[in-house]
Amino acid sequence: MKTIPSDIGGEPAGPVDTIDHGMKHWERQANAFRSVVQMHGITRTDELRRAAEELGSRYKDMHYFEITTSAMRAVLLEKGLFTEQELAAKMAEIRARFDVPDEMDSPIKKAASK
Amino acid sequence: MSTTPFDHYARGHHDHDHAHDHDHDDHQQPNPANEHDNGPPGEYEIMSRAMQELLEAKGIISAEQVRKRMELFDEEFPYRGAQVVARAWVDAAFKTRLIADGRAACAEMGALLEAERLIAVENTPDVHNIIVCTLCSCYPRALLGMPPTWYKSRNYRSRVVFEPRAVLREFGTELPDNVTVRVHDSNADMRYLVVPMRPAGTEGWSEEKLAGLISRDMLVGVTVPRVPV
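Same order as they appear, the protein sequences are chains A and B. Anchor point for the first sequence: position 85 equals 158 in my numbering, and the numbering is continuous, going up by one each time. Anchor point for the second sequence: position 229 equals 1092 in my numbering, and the numbering is continuous, going up by one each time.
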């Protein structure tokens, strides 16, 4: 009987896409952040995996770094590193930071319109 | 450089080295799979960034530590595994120590590993080894860098344990029938490294030249080293 969503070894599945698609910038940040948190002994790999497994039916529809980020959130909340309220406030602050008033001034937009 | 805690215009810098011919109208789509990573940030990007900033504000970690870690993952970790194996190819005593205690042998070369144990498994004319982490993505990152996309994929994790030869063929690797294929399933405390066979025709090569022959895929066991003809 299947109890955890990550236990997929031995299941039938399709061909392997053997191309390495690399990582997006935010994924590199998320990975480095997790690595630093682990180095400080704040979390352990098995704790993060357990938290990922607790995503249950959501697990299979999420991308890899979405899973690891959700797991990190759950474990840091459990350990009291910050509260739900603090995290929500900080996320709102960051979202606002991205709300660029004149996006045509963005170097990315300028480069793209060349 | 921006002095704000996070310069979002810097995002995706490394993703723009390749040529691409489509336009950038996809900026406004809040799509987490946005390949170019330069539109509005997704929910998980904001979440990850927020957690980092909260721990920074509490003085638990620093932005500098995270930045340094990104550099190590990009510039140093991906090359260490090849250096370790090249050393093992030229130095039999080192190879013995690597097989006996992978973690200690890597430490000799200045590579400190994240997991408790590193088990180096040696390919021979009779045995070929492959590594996987069926449950997640455990991988000797301090030796190989970040796992490639396929290592984390459902298809690889599901199938390599019961039809490794079929998976190997998808990587273009065909092994003789008499070779035993062993698949090693990693976990949080125990990582594997494949030590491939040193190819014929490399007699007298320097350690550095040998390291240039060794790719990540060989150290996971999905390909084998060959001397370019």
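Any given hint might turn out to be false.
[As the list claims (entries may be wrong)] Sample of chain A residues facing chain B (criterion: CB under 7 Å; computed from the structure):
1. 78
2. 86
3. 88
4. 105
5. 108
6. 116
7. 134
8. 150
9. 153
[What the hints assert, rightly or not] With a Cα cut of at most 27 Å, we get these calculated DSS-like pairs of lysine-lysine:
10. B:931 with B:1015
11. A:163 with B:921
12. B:1072 with A:152
13. B:931 with B:921
14. B:1072 with B:958
15. B:1015 with A:133
16. A:152 with A:133
17. A:163 with B:931
18. A:152 with A:163
19. A:152 with B:931
These are calculated hints, taken from the structure and not from any lab test. Think of the CB as a built atom: it goes at the ideal place given N, C-alpha and C, for glycine as much as any other residue.
Checked hints:
| no. | hint | verdict |
| --- | --- | --- |
| 1 | 78 | violated (10 Å) |
| 2 | 86 | holds (4 Å) |
| 3 | 88 | holds (6 Å) |
| 4 | 105 | holds (4 Å) |
| 5 | 108 | holds (5 Å) |
| 6 | 116 | violated (11 Å) |
| 7 | 134 | violated (11 Å) |
| 8 | 150 | violated (10 Å) |
| 9 | 153 | violated (11 Å) |
| 10 | B:931 with B:1015 | holds (24 Å) |
| 11 | A:163 with B:921 | holds (13 Å) |
| 12 | B:1072 with A:152 | violated (48 Å) |
| 13 | B:931 with B:921 | holds (19 Å) |
| 14 | B:1072 with B:958 | holds (18 Å) |
| 15 | B:1015 with A:133 | holds (13 Å) |
| 16 | A:152 with A:133 | holds (26 Å) |
| 17 | A:163 with B:931 | holds (23 Å) |
| 18 | A:152 with A:163 | holds (18 Å) |
| 19 | A:152 with B:931 | holds (25 Å) |
Against the hints set out earlier in the document, violations occur for numbers 1, 6, 7, 8, 9, 12.
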